[in-house]
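Heads up: the sequence lines are chains W and C, in that order. Start counting the first sequence at 1; every next residue gets the next number (this note's numbering). Start counting the second sequence at 1; every next residue gets the next number (this note's numbering).
The hints are simulated quantities; they were obtained by calculation from the structure and are not laboratory data. Some hints could be false.
[Unchecked claim] Calculated pairs, DSBU-like style, for lysine-lysine (alpha carbon to alpha carbon, straight line, at most 30 Å):
#1 73/W with 83/C
#2 70/W with 42/C
#3 57/C with 114/W
#4 83/C with 55/W
#5 42/C with 83/C
#6 57/C with 42/C
#7 83/C with 78/W
#8 57/C with 70/W
#9 114/W with 83/C
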Amino acid sequence: AQTVTQSQPEMSVQEAETVTLSCTYDTSENNYYLFWYKQPPSRQMILVIRQEAYKQQNATENRFSVNFQKAAKSFSLKISDSQLGDTAMYFCAFMRDNAGNMLTFGGGTRLMVKP
Amino acid sequence: EPEVTQTPSHQVTQMGQEVILRCVPISNHLYFYWYRQILGQKVEFLVSFYNNEISEKSEIFDDQFSVERPDGSNFTLKIRSTKLEDSAMYFCASQGPGKDGYEQYFGPGTRLTVT
Numbered sequence: 001a002q003t004v005t006q007s008q009p010e011m012s013v014q015e016a017e018t019v020t021l022s023c024t025y026d027t028s029e030n031n032y033y034l035f036w037y038k039q040p041p042s043r044q045m046i047l048v049i050r051q052e053a054y055k056q057q058n059a060t061e062n063r064f065s066v067n068f069q070k071a072a073k074s075f076s077l078k079i080s081d082s083q084l085g086d087t088a089m090y091f092c093a094f095m096r097d098n099a100g101n102m103l104t105f106g107g108g109t110r111l112m113v114k115p
Numbered sequence: 001e002p003e004v005t006q007t008p009s010h011q012v013t014q015m016g017q018e019v020i021l022r023c024v025p026i027s028n029h030l031y032f033y034w035y036r037q038i039l040g041q042k043v044e045f046l047v048s049f050y051n052n053e054i055s056e057k058s059e060i061f062d063d064q065f066s067v068e069r070p071d072g073s074n075f076t077l078k079i080r081s082t083k084l085e086d087s088a089m090y091f092c093a094s095q096g097p098g099k100d101g102y103e104q105y106f107g108p109g110t111r112l113t114v115t
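So here's chain W without its partners, still in its complex pose (with noise of 0.2 Å):
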């Protein structure tokens, strides 16, 4: 079985300020995906950012990006020029993969930006 973590259960940037968020999962599985969602007060869940583990380049989508270590089974997200509408619960999440299979969920990251 799989196990996500995120071992920050609340962060807070200046607005304009740079962030990273943590993650680290445990599996034995060799291919897989890792995502972040954004979960803002409406508790909609937005996918920010995915990553396939068979690709050694970091994610990257705009101000947004991501740190992978396979090795050490780690997947920070950074947030660059923190803007107000960030704030919001992120979540990380691993896919075994193919298409069929489940997600799995970290705890979550309640991040404020402030003014």
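Let chain W serve as the given structure and place chain C on it in line with the hints.
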């Protein structure tokens, strides 16, 4: 852009009553999921559905739960006799074929309150 929809957005029911939560997945998607999130906790997998049958389920998904795809467009979650601890946000997700087949698209959720 296609999206997953869920109805109702909020359902209040009395303990012991049956509820049906409805989802309309993205039309060409093949894999369907239900997740739940108890307030303040992480998102938990309930069940996955493919080719008109359950492909995987968690220990949460006991005999009180069932899923159905009655007409080729709707995907429903039924709870036969609700308990107080069933109060949660229920998310439907769908996943399609093609190069993005590993990405799960979430609906906005149904908030279930059992009194």
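Hints, one by one, checked against the model:
| no. | hint | in the structure |
| --- | --- | --- |
| 1 | 73/W with 83/C | violated, 38 Å |
| 2 | 70/W with 42/C | holds, 24 Å |
| 3 | 57/C with 114/W | violated, 40 Å |
| 4 | 83/C with 55/W | violated, 44 Å |
| 5 | 42/C with 83/C | holds, 20 Å |
| 6 | 57/C with 42/C | holds, 17 Å |
| 7 | 83/C with 78/W | violated, 40 Å |
| 8 | 57/C with 70/W | holds, 28 Å |
| 9 | 114/W with 83/C | violated, 39 Å |
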